[in-house]
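2 protein chains.
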Amino acid sequence: VSDLSCPGFRFAGAAGGIKKKAGLDVGLIVADQPVAAAAVFTQNRVKAAPVLLSQKALKDSRGKLQAVVVNAGNANACTGKQGMIDARAMAAQAASIAGCRADQVLVASTGVIGQPLPMDRVTAGITAAGAALGEHGFAAFSQAILTTDRGPKTAVRTVKIGRAEATLVGCTKGAGMIAPNMATTLSFVATDASVPPASLDRALRRAALPTFNAIAVDGDTSTNDTLAILASARGAKVSTAKDLAKLTDALTDLLDDLAHQLMADGEGVHHVVTIEIRGAATDKAARAIALRIATSPLVKTAIAGGDPNWGRILCAVGNAGVPLRPERLDVFLDDHQLVAAGQVAPGHDEARAAAIMKQAAYSMTIDLHGGRAGARYLACDLSHEYVSINADYRS
Amino acid sequence: VSDLSCPGFRFAGAAGGIKKKAGLDVGLIVADQPVAAAAVFTQNRVKAAPVLLSQKALKDSRGKLQAVVVNAGNANACTGKQGMIDARAMAAQAASIAGCRADQVLVASTGVIGQPLPMDRVTAGITAAGAALGEHGFAAFSQAILTTDRGPKTAVRTVKIGRAEATLVGCTKGAGMIAPNMATTLSFVATDASVPPASLDRALRRAALPTFNAIAVDGDTSTNDTLAILASARGAKVSTAKDLAKLTDALTDLLDDLAHQLMADGEGVHHVVTIEIRGAATDKAARAIALRIATSPLVKTAIAGGDPNWGRILCAVGNAGVPLRPERLDVFLDDHQLVAAGQVAPGHDEARAAAIMKQAAYSMTIDLHGGRAGARYLACDLSHEYVSINADYRS
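Taken in sequence, the protein lines are chains F and L. Going by the working numbering, the letters in the first sequence line up with residues 1 to 395, in that order. Going by the working numbering, the letters in the second sequence line up with residues 1 to 395, in that order.
Don't take each hint at face value.
Straight-line Cα separation of at most 30 angstroms, DSBU-like style, residue types lysine-lysine; simulated pairs [claimed, not checked]:
1. K246/F to K64/F
2. K358/L to K20/F
3. K20/L to K284/F
4. K59/L to K237/L
5. K358/F to K20/L
6. K81/L to K21/L
7. K237/F to K20/F
A short list of chain L residues far from chain F (calculated; beta carbon distances all over 12 angstroms) [unchecked claim]:
8. P7
9. Q33
10. I97
11. A164
12. T240
Computed footprint of chain L on chain F, listed as stretches where at least three residues anywhere in the stretch have a Cβ under 8 angstroms from a Cβ of chain L [stated by the list, open to error]:
13. 78 to 88
14. 239 to 248
15. 311 to 319
No wet-lab data here; the hints were simulated from the structure. Note that this is a predicted model, so its numbers are computed, not measured. Where is the CB? At the ideal position from N, CA and C, for every residue including glycine.
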């Protein structure tokens with residue numbers, strides 16, 4: 001199960017010379033025939049050509065794709081009409097390799113913004129990837145989508161559905177939003193489950209919410225973010241709502257694993273903090289507060305400095321635009337209580353709190369005592385390296 | 001006019017020993033009698049005791065105050081019931097000095113969060129300030145409200161209304177939100193204009209919108225932010241709508257001056273960038289986009305590095321949650337065009353753009369070509385010093 005393959009798919013990674021530094025930069029996934037597919041994309045109003053094209057492909061094909069083609073090193077974003085022409089050419093070439101229609105191909109790009117794709121290199125890379133396709137090519141594919149990541153990030157899950165098993169293999173790239181040029185987050189999952197497109201779409205959206213939609217490095221969303229799944233129908237059949245829940249759980253678990261890897265891999269990230277919001281009136285309110293904490297520069301620099309400055313946490317909570325009773329707020333780091341009922345907790349110990357914040361991973365829990373809803377978010381530190389990477393790049 | 005005095009008021013600054021480092025830390029403004037007053041406060045849901053008390057005072061007194069008392073070094077925030085008791089004690093002592101009721105006093109505090117006010121020192125400081133009150137005490141007052149600011153920030157304006165003149169003297173503190181412990185922004189204006197409380201309130205809200213409500217260092221709002229104005233009615237009388245517009249213009253100009261000083265004084269700030277949004281459908285949409293650019297860590301690190309990375313600017317524009325046509329976007333740095341119709345502008349010159357970004361102050365203009373509304377915002381860089389100051393403080 002853990003050899004990074006998935007029945008019904010072939011994968012490849014190839015070097016087209018698009019990235020400045022040598023390495024794989026074109027990835028290809030090809031299914032044996034058109035299969036159920038679903039994807040979620042960036043919510044940025046400025047969308048790269050491949051995102052617009054892929055959204056149309058999923059719609060036109062009614063959720064049946066046969067191939068995914070990815071390039072790293074150039075985002076094909078803010079490239080005008082030529083950008084769409086180039087994205088279409090990538091789809092057409094991948095379709096010819098897979099033996100399907102161009103609207104059955106998902107295209108994704110990541111890298112520098114505002115420069116035309118070097119199509120000679122992209123074309124050569126796709127040709128090479130087509131020649132390299134194989135059942136065991138997922139590791140190469142997972143490398144070909146990387147930009148400034150320190151290494152590939154993959155995960156595998158199996159889940160029993162009825163009497164059969166389904167396998168899910170996934171990979172991601174992006175190093176959060178930390179890397180230069182906005183580090184698009186691209187994630188791809190292949191599964192052999194047999195599941196209709198509409199159900200797959202529901203499973204993906206549900207699984208993305210507490211995972212890839214609940215991580216924040218700096219709160220920016222790129223022009224290219226894409227999370228896609230294809231299901232070959234060679235394994236367990238998803239028939240009932242209970243079956244779909246099992247598949248969704250396995251997918252959520254896989255995406256959670258990938259999201260943690262994404263956060264931890266970011267250059268300049270030393271601490272991954274799980275923000276837990278409890279006692280909110282609604283899930284939406286809880287998520288708004290979690291996001292505000294996770295993106296507050298003052299909280300993030302406190303995380304970087306290992307400073308248990310709970311005033312900044314309360315301040316971020318109060319800035320979320322959510323009605324709340326400040327005099328009810330409790331704040332914990334792991335199991336140590338810093339704030340009780342909006343004031344410093346009687347047993348609060350600065351040294352103990354500081355020791356917790358030295359860990360590479362810990363939790364920050366805020367209880368609003370205002371309801372039964374909650375949310376979870378992954379946050380990280382705002383460090384000197386973040387500034388160096390993003391300020392000094394290109395200059 | 002520019003000797004920092006204002007007919008009808010006495011001012012003082014005194015040293016109570018509340019701040020760790022020696023210096024003035026208690027400020028007092030006393031009017032000859034109850035006068036028209038208005039204030040705007042933090043929109044954070046977690047409000048410090050002095051903010052809650054001052055909001056009540058303005059309401060109870062129907063906008064007629066006679067004194068302002070401020071301490072620096074301790075924010076009296078997240079201090080529970082004792083915090084409100086202490087804020088009331090500050091108001092009572094100032095009222096006794098001014099000879100007015102306690103609900104005719106505005107109280108403001110700034111400094112560390114979550115620690116009880118050292119009331120013996122606060123009381124001693126207010127006593128000393130009362131003894132030091134004088135017509136020429138504004139400079140001392142402007143120093144007494146500082147925390148980590150590098151120096152006092154004051155401004156004076158005079159405006160002719162009818163045949164008479166009105167003077168406005170103002171001061172601010174905060175160093176943006178850059179300094180440790182969230183650097184409350186406190187600002188106070190005294191004027192001798194004769195204007196009813198309701199008109200003064202309208203003038204203040206209108207003047208605050210494009211000035212103190214349009215600056216962003218990191219997008220966080222403290223628990224204590226306060227901007228207040230008192231009008232002694234010793235100078236020009238504001239009778240007509242035209243008169244009020246003149247006063248509002250002068251106040252806007254004064255606050256704009258103070259806001260620029262606030263941004264430029266921030267430790268870790270090397271560049272103050274005026275974000276101009278044009279061609280928006282509504283002012284609200286324009287402000288949302290300006291705020292998003294001004295708080296984007298990727299834009300702010302690009303400003304720090306002097307990197308004309310226009311992809312990050314477009315990305316921030318797209319992340320503002322405002323409907324727009326990406327293919328219409330124009331981007332300028334000063335008068336140099338980087339982006340035309342969503343793509344790199346034909347005449348774009350990286351070296352020229354980088355030279356513009358070396359300046360201490362420059363403008364970044366985004367034209368959406370989608371309407372006639374606009375907004376202006378002041379932004380700054382996210383620098384290594386910001387991280388150092390906020391991460392390494394206390395640790």
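Hints numbered earlier in the text: which of these fail when held up against the supplied structure? 3, 7, 14
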